[in-house]
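Chemist: Each chain, written out:
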Amino acid sequence: MEKKIEIEEKIVLPGDFICTTEEYVPGSNTYNNEGGICSSIIGIVKLDDKLHKIDVLPLVMVPPEIKQDSIVLGKIILLKNSFAVLNIERVKGYENRSANVEGTIHISNIQLTYIKTIDKAFNVGDIVKAKVISNNPLRLTTRDKNLGVIKAFCPVCGEALEKKGKGLKCSRCNTIYQRKISEDYGWGMF
Amino acid sequence: MSSEDILSEIRRDYIYRLVRNGERIDGRKFDEYREINIEIGPIERAEGSARVKLGTTDVLAGVKMQIGEPFPDTPDQGVIITNAELIPLASPTFEPGPPDENAIELARIVDRGIRSSNAIDLDKLCIDPGKEVWMVFIDLHILDHNGNLVDASSLAAIAALFNTKIPNTKFGIDKDDERLAINDIPIATTSTEIDNNFIFDPCLDEENAANVALTVIITSKGELCGMQKSGIGRIPVETLPNIIDSSINMGEKIRKILLKALENNITV
Amino acid sequence: MEIDEKPERFIVDGLRLDGRKKDEIRPIKMEAGVMNRADGSCYIEWGNNKIIAAVYGPREVHPRHLQETYRAILRYRYNMASFAVDERRRPGPDRRSIEISKVSREAIEPVLMLEQYPRSSIDVFVEVLQADAGTRAAGITAASVALADAGIPMRNLVSAISVGKVDGEVVLDLNKIEDNFGDADMPVAMIVESGEVTLLQMDGIFTKNEFIEAMELAKRGCSQIYDIQRDCLISKYKKLDSD
Chain A
1 MEKKIEIEEK IVLPGDFICT TEEYVPGSNT YNNEGGICSS IIGIVKLDDK LHKIDVLPLV
61 MVPPEIKQDS IVLGKIILLK NSFAVLNIER VKGYENRSAN VEGTIHISNI QLTYIKTIDK
121 AFNVGDIVKA KVISNNPLRL TTRDKNLGVI KAFCPVCGEA LEKKGKGLKC SRCNTIYQRK
181 ISEDYGWGMF
Chain B
191 MSSEDILSEI RRDYIYRLVR NGERIDGRKF DEYREINIEI GPIERAEGSA RVKLGTTDVL
251 AGVKMQIGEP FPDTPDQGVI ITNAELIPLA SPTFEPGPPD ENAIELARIV DRGIRSSNAI
311 DLDKLCIDPG KEVWMVFIDL HILDHNGNLV DASSLAAIAA LFNTKIPNTK FGIDKDDERL
371 AINDIPIATT STEIDNNFIF DPCLDEENAA NVALTVIITS KGELCGMQKS GIGRIPVETL
431 PNIIDSSINM GEKIRKILLK ALENNITV
Chain C
459 MEIDEKPERF IVDGLRLDGR KKDEIRPIKM EAGVMNRADG SCYIEWGNNK IIAAVYGPRE
519 VHPRHLQETY RAILRYRYNM ASFAVDERRR PGPDRRSIEI SKVSREAIEP VLMLEQYPRS
579 SIDVFVEVLQ ADAGTRAAGI TAASVALADA GIPMRNLVSA ISVGKVDGEV VLDLNKIEDN
639 FGDADMPVAM IVESGEVTLL QMDGIFTKNE FIEAMELAKR GCSQIYDIQR DCLISKYKKL
699 DSD
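Chains as they are written, first to last, in our numbering: chain A, 1 to 190; chain B, 191 to 458; chain C, 459 to 701.
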């Protein structure tokens, strides 16, 4: 017991030996080094006695980790018949760090109601807020009310589009576009 | 900015909404500057130096002096060369490579204020007419970019010049180094337009949200000694007198902060 | 004023011109997390060196063809401010800074777990604001702290120092005069705990025995640097932990 506290309260740095692999299994932010478990980041050691696992809880801002249910922000870079590709640039909870992965939104995961073609929901360049369904492969959904397009630009004149009823309107050329709009559209926050 | 941050694009709407209500993202008034912090002489190896923090925007100016040939059309005048480096350490959008148009514009605005206010007496920098003059290199190193590099850099440059000693001994000109004589303190004041309001000392999000910025450089006498409209936006003519009034006002305040920093430095 | 000629003696009565013993390092101040925009950073004052290291990433690779499918790429840019040295230097990379960038990158890369961030880049920028001998060692030392501050997974920290020879004697952490006019200069970077060398360059003349002595001194020097790096990080994150 005493030893546990001793291990747990200490700040560890990359490379610091925590314990041997006979005692615990290496968990997150650790690595195995010739029979020893070492930390790979600056953090605090956390023991999981049930699983006999050792984790290091980060004290630093770590690069974004994308998990199931993570909320992500990105730009639509590609439209196919049955899915859209989102280039994820930010992950909620890690706003100060850039992310760089691509995820797909299948047409069935765009909204609750039927959608005929994908271009009725997204266009290339739209900024979209989405939720992660699964991590590997990275699949996303925008079904919830607060998910979907949160900023879009007129494909004709480049003007930022304004919310108008259920669609988006360009105030310069008056064209109206259909999208899967998030209720946060134009609010200006992630 | 070439690869603007996705969050900036999102925040634009937020900033506009705030400004419409008379507010700013960090709670400042429209003509209020962020905290200004001036460190005089941090680089001992330079002839003069200063580091200016404008909120979290951070600029280091270093002055180096060398002997060189004068320009043929001004044989009895020293030479000022101002250069700005937007090093990739300062912002995720800065890329390594030779100065781009933004860096060059920045350096030229800073240079313009110093030159047209006659802050440095170029006649005094002549050593041998037509042959040898002092060349004053003002190098601006941007360390942290959080908006309004122009004002921070201009302030760092003039502060560094105040701190500059002409290296007479190093070049065998004289047996003593002497202070570079400074005749004026030009202060640059920059505002950006958001929803028809002009907002001074824009932070990065405000800068990215706006389409146009106006820099007005003010001499110690309250005259204008340089201007620059930057960005694709438009400025209604009738708004200009108000902006200039504010600039004169701000210029005076910032000049006092600089003089105080210089005073403290001398006493230390 | 700087001494710009070779002094007659570098070591007088057992002390070097700046008053240090042969195995003594210059004063070092280090602070992590000093930059606002960067993901991790470190400011170091080492003697009269003033250097900032900043880390960005993992982030998208530009240009895209440089990206690697199974790991992140590490980029390291060592740059010197034009006012960092006595004679104003032209801004931008020269052959010296390109070489330093390469060997420094190779000094740091062995400890990074780049495989955790495929198709991205981790960019390290080292800016020398004032140079005073030993800038590459100070840069690597600061970069290593900045990477840890950025939360990039690492197997360990890297510590660096330079050793050299003046008046026929091996000395630790060369100052500017010793660097300019000494007989040998050997920057070394190490993973202190494992005793592995990740950067080794040598310039000048060493006998084999001198080299062995120098390496021993470098090891002891790196170990002191490692302690300073640890103190710097722990003091920053202890504060955050207790808040």
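Treat the hints with care, as some may be off.
[As the list claims (entries may be wrong)] Cut-off 30 Å, straight-line C-alpha distance, at most; resulting in silico cross-link-like pairs (DSS-like, lysine-lysine):
| no. | chain 1 | residue 1 | chain 2 | residue 2 |
| --- | --- | --- | --- | --- |
| 1 | A | K53 | C | K479 |
| 2 | C | K696 | B | K243 |
| 3 | C | K479 | C | K464 |
| 4 | C | K464 | A | K10 |
| 5 | C | K479 | A | K46 |
| 6 | A | K53 | C | K464 |
| 7 | B | K450 | C | K487 |
| 8 | C | K697 | A | K92 |
| 9 | A | K67 | A | K120 |
| 10 | B | K243 | C | K464 |
| 11 | C | K464 | B | K360 |
| 12 | C | K696 | A | K92 |
| 13 | C | K697 | A | K10 |
| 14 | B | K243 | C | K487 |
Note that these hints are calculated values from the structure, not bench results.
Chemist: Determine for every hint whether it applies to the structure shown.
Modeler: Tested hints:
Pair hint K53 (chain A) plus K479 (chain C) does not hold up; C-alpha atoms about 48 Å apart against a cutoff of 30 Å. At roughly 27 Å between alpha-carbon atoms, K696 (chain C) and K243 (chain B) fall within 30 Å of each other, so this suggested pair holds. Proximity of K479 (chain C) to K464 (chain C) is assessed by CA-CA distance (about 20 Å); at most 30 Å being required, the pair is judged to hold. Pair hint K464 (chain C) plus K10 (chain A) does not hold up; C-alpha atoms about 50 Å apart against a cutoff of 30 Å.
Between K479 (chain C) and K46 (chain A) the alpha-carbon distance is near 44 Å, which puts this suggested pair outside the 30 Å criterion. The straight-line distance between the Cα atoms of K53 (chain A) and K464 (chain C) is roughly 60 Å, outside the 30 Å bound, and the hint therefore fails. With a CA separation close to 28 Å, the supplied pair K450 (chain B) and K487 (chain C) stays within the 30 Å bound. Restraint check: the Cα-Cα separation between K697 (chain C) and K92 (chain A) comes to about 25 Å, which is no more than 30 Å; the hinted pair holds.
Under the criterion of a C-alpha separation no larger than 30 Å, the hint pairing K67 (chain A) with K120 (chain A) is consistent with the structure, at around 28 Å. Between the alpha carbons of K243 (chain B) and K464 (chain C) the distance comes to roughly 40 Å, so the proposed pair goes past 30 Å and is violated. A threshold of 30 Å between alpha carbons decides the hint, and for K464 (chain C) with K360 (chain B) the separation of about 17 Å falls inside it, so the pair holds. The straight-line distance between the Cα atoms of K696 (chain C) and K92 (chain A) is roughly 26 Å, inside the 30 Å bound, and the hint therefore holds.
Taking the CA atoms of K697 (chain C) and K10 (chain A), the gap is about 13 Å. The hint holds against a cut of 30 Å. At most 30 Å may separate the alpha-carbon atoms for a hinted pair to count; K243 (chain B) and K487 (chain C) meet this at roughly 21 Å.
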